[in-house]
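Going line by line, the protein sequences match chains A and B. The first sequence: position 147 = 146 (numbering that gives the first Met the number 0), numbered continuously. The second sequence: position 120 = 119 (numbering that gives the first Met the number 0), numbered continuously.
Just so you know, these hints were derived from the structure itself, not from any lab. Don't take each hint at face value.
Claimed, not checked - Here are the simulated distance ranges between beta carbons:
1. A:V384 to B:P272: 49 to 59 Å
2. A:F36 to B:T14: 51 to 61 Å
3. B:T61 to A:G394: 32 to 42 Å
4. A:N278 to B:E393: 21 to 31 Å
Claimed, not checked - The calculated DSS-like cross-link candidates involving lysine-lysine, where the alpha carbons are at most 27 Å apart (straight line), are:
5. A:K406 to B:K328
6. B:K97 to B:K275
7. A:K406 to B:K404
8. A:K224 to B:K392
9. B:K259 to B:K350
C-beta: ideal position from N, C-alpha, C; glycine also.
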Amino acid sequence: MGKTRLETSQSTVDMSLVEQVPGKKLKDNLRAYTMVFALLAIWLVLAIATQGTFLEPRNLSNLFRQTAINGYLAIGMVFVITAGHIDLSVGAVAGLTGAIAAMLQVQWLPTLGAELGVAWLQAGWPSTIISIVAALIVGTIIGIWQGAWVAYGQVPAFIVTLGGLLIFRGAILGITKGINIGPMNPTFQGLGQAYLSHTTGIALAIASVALIIVYTIMSSRNKLKYDFPVKPLWTEVVLIVLYSGLVIGFVIIMNRYRGVPIPVVLLIVIAVICSFIFNRTQLGRYTCAIGGNLEAARLSGLNVRRVMVQIFALMGILGAIAGIVLTARLNAATANAGNQFELNAIASCVIGGTSLQGGSGSIPGALLGALVMASIDNGLSMLNVQAFWQQIIKGLILMVAVLIDVKSR
Amino acid sequence: MQKGSGALLDIRNVTKDFPGTRALDNVSMEVREGEIHGLCGENGAGKSTLMKILSGTYPYGTYEGQVFFGGEPTRFSGIRDAEARGIRIIHQELALVKQMTVAENIFLGAETAKYGIIDQMSLYSETRELLRRSGLNVPGTALVRTLGVGQQQMVEIAKALRGHVRLLILDEPTSALNDAEVENLMQTLRELKHIGVTCIYISHKLRELFDIADRITVLRDGRCIGTEATADITEDEVIAMMVGRAPTGRFPSKTRRAGKVMFSVRNWTVRNPENKDLYAIRNVSFDVRAGEILGVSGLMGSGRTELLQSLFGEYGFQPSGEIMIDGKKCKINSSRDAIALGMGLVTEDRKNTGLILMHSVTHNMTLPSLPNLSNGPVIDTGLELASTSKLIKELNIRAPSVESKVETLSGGNQQKVSIAKWLMTNPRILMLDEPTRGIDVGTKYQIYELMDRLAADGMAIIMVSSDLPEILGMSDRILVMHEGTIAGIVESEEANPEKIMSLAAMGAREDRRSNS
């Protein structure tokens with residue numbers, strides 16, 4: 000079953016099949032545009048209501064920072080929901096891993112360092128790195144463990160992660176004893192609070208633009224290699240200019256305040272990596288297949304159980320990242336950190352067009368969804384709308400978003 | 000206002016457009032009171048669209064033309080309007096709630112109730128009457144999931160007979176039925192005809208149409224080709240009307256030649272995973288040669304599908320026996336093992352176990368082959384597209400694009416995709432479960448040609464089919480199953496319908512031939 004047998008001679012490729020159907024493309028894009036327009040409409044309304052304060056660089060910087068933590072969770076949730084499952088424990092996982100990182104840095108490592116007489120364990124970079132790695136490992140193990148319950152125990156994910164939610168919330172209380180654990184080392188705090196310097200931001204933006212160009216050229220080359228038609232040069236150029244403009248514009252706006260927030264940089268990096276996994280790797284394809292038709296996926300020789308465990312492991316890692324950044328941002332671990340984050344993550348996915356039936360999902364969509372949720376929180380807070388109204392409005396927006404999605408299909 | 004002719008149903012110049020396609024083009028036909036009217040045509044000919052107009056699924060105003068029912072023009076705004084006039088449709092896919100009883104299903108949505116409390120007595124007594132009329136001998140309290148497919152079909156008919164029925168439309172009612180069940184259905188339809196129910200019977204199976212229909216209408220490419228009395232026309236003439244050309248025989252001539260034994264099964268025994276005391280397959284032994292098509296025949300429930308699925312590592316409790324490929328013993332614990340050994344299984348139910356309908360043609364076709372189309376974990380999308388479009392061309396799959404969702408394709412093209420999916424894995428042993436169920440004559444022929452070509456290239460093919468002519472026309476040898484055992488293996492030269500049917504229905508007698 001060598002690859003050679005699958006390769007194709009130029010004469011057998013039917014070009015007409017590879018070209019996009021205009022109707023389909025328009026419809027797909029329309030959905031994506033609808034979301035972007037909805038977000039812009041919300042921004043416009045909030046900008047008018049706040050007399051422009053909402054769109055000031057300072058506030059936009061805050062807005063993106065607020066989006067980041069929910070964003071990590073929403074990205075993982077896209078995988079879980081697309082595979083036809085749900086994870087109710089992500090907020091608790093974030094809380095627990097954040098608490099473990101804080102306990103390590105604030106109590107366990109200093110104690111251990113004192114006992115062993117090792118000064119470098121007690122503070123600074125070593126302590127921060129150990130805490131972060133430990134939190135990531137715990138998150139991964141939790142993910143694998145829950146995934147195993149779902150895949151091998153065949154307990155519905157709803158139940159497994161509902162149980163997980165209770166277990167991890169209990170564990171948080173147990174290890175923090177219900178008190179705030181802090182403060183964190185400045186090196187740790189930076190993950191949640193620091194900004195890229197203006198020059199680094201610009202340098203990264205230029206690097207991203209270069210990457211976009213290289214990627215475009217490489218994918219065109221790959222198409223040419225198999226003799227597929229490539230898009231006309233001008234559309235490629237327009238796209239490159241558009242994306243580059245977005246990246247550079249974003250960095251310039253952020254630089255007008257303090258620079259690009261570190262959590263946002265992290266979010267973008269994770270989003271790019273996870274989009275690649277989702278769209279271009281076997282894991283991503285299998286995730287969609289399992290959610291689309293479990294039986295067909297199984298009969299096609301997929302190791303469905305292993306894929307499920309991998310998906311939950313990924314969710315666990317992203318939960319830990321959310322926990323670490325949350326602890327860094329609050330400069331402490333608290334007993335109710337991450338409370339109800341799972342609901343925001345699920346809502347972001349659904350607003351972003353990920354089907355709860357499984358089989359299809361979108362990471363950029365989930366990020367837009369997360370941005371919508373954060374915008375409403377942020378904008379309504381600026382308008383001094385009471386917290387209860389914020390919740391009611393978010394709930395309604397979730398329902399309306401899905402209603403529009405269902406009706407437009 | 001226009002008046003209809005004397006016919007019960009008079010369809011005049013109906014045209015129905017969908018974005019990009021014209022599904023019905025100026026179709027006119029008449030159905031007379033009290034007749035059984037056969038309707039046939041290839042997939043995509045417009046049969047289903049026409050029936051959806053009759054049943055109110057496509058309301059008045061979404062199509063051009065006129066439909067007269069009982070002499071009156073119809074203006075259905077929904078299914079309920081059509082039902083109120085006595086038009087009932089039974090779709091190809093059964094629409095029953097399996098966890099509920101027969102009676103609850105029959106009266107679903109039309110229960111006799113007072114203050115929302117269902118009158119159980121009238122529910123079950125009326126059900127008894129309906130079951131009697133539809134010739135189904137089960138209690139109304141039986142759970143639907145405990146019934147066979149044929150009995151479930153009868154429940155659908157009983158449900159359709161509820162209330163005042165003038166026109167009953169059956170869309171491919173026998174696609175999942177065995178011969179005895181089909182005969183039972185035919186009998187019921189004849190009895191309904193006696194009591195004055197008019198019937199439109201849609202089927203690919205010409206033998207059934209000729210058996211039961213008074214007149215036959217043929218649709219092709221959204222046009223009505225003609226209506227003929229069954230007595231005045233032959234099967235070949237109908238096929239010619241359907242495909243628009245003279246039939247060149249229903250099966251291609253053989254170009255394959257059997258080589259040496261490639262796949263052997265010895266004493267294969269499998270228990271039913273849902274009831275571990277029962278054997279689904281007992282002591283089955285057979286060989287398949289390279290370049291050979293082994294047909295597997297048998298009645299519904301005789302264990303044919305279970306045989307294929309268990310050999311593929313995906314069915315059964317504690318399978319025992321031996322599987323040998325090229326004389327070497329193999330252990331197959333899952334479909335992964337089977338695929339690695341060069342096996343492929345085109346499942347019988349493409350919608351539920353074969354394809355992911357909401358995904359694209361490409362994603363469906365490459366699913367089992369992704370490891371071969373990837374560098375490490377990363378899919379080489381260029382290679383993926385190239386491999387896909389090559390097979391689309393080879394199999395002549397009609398899809399607007401490689402990105403088209405499979406659910407938008409016709410049944411025949413969906414089936415080709417599910418075959419292509421396995422061809423992409425370069426199998427040496429290909430198992431096909433009902434490879435031509437519910438697809439049109441033209442596509443069937445293409446699939447037969449493909450099977451012959453694959454075998455000629457040295458593939459060993461095992462084909463399960465309920466279609467007796469197909470088994471006889473395509474197999475080199477025919478394995479007949481009866482209650483999980485082999486009733487006999489018949490060489491194609493010695494095979495005839497009577498022989499196969501008697502083995503299938505009665506099991507092995509004196510003439511049992513087994514190559515164990």
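Hints violated by the structure (listed by number, smallest first):
Those not satisfied are hints 2, 5, 9.
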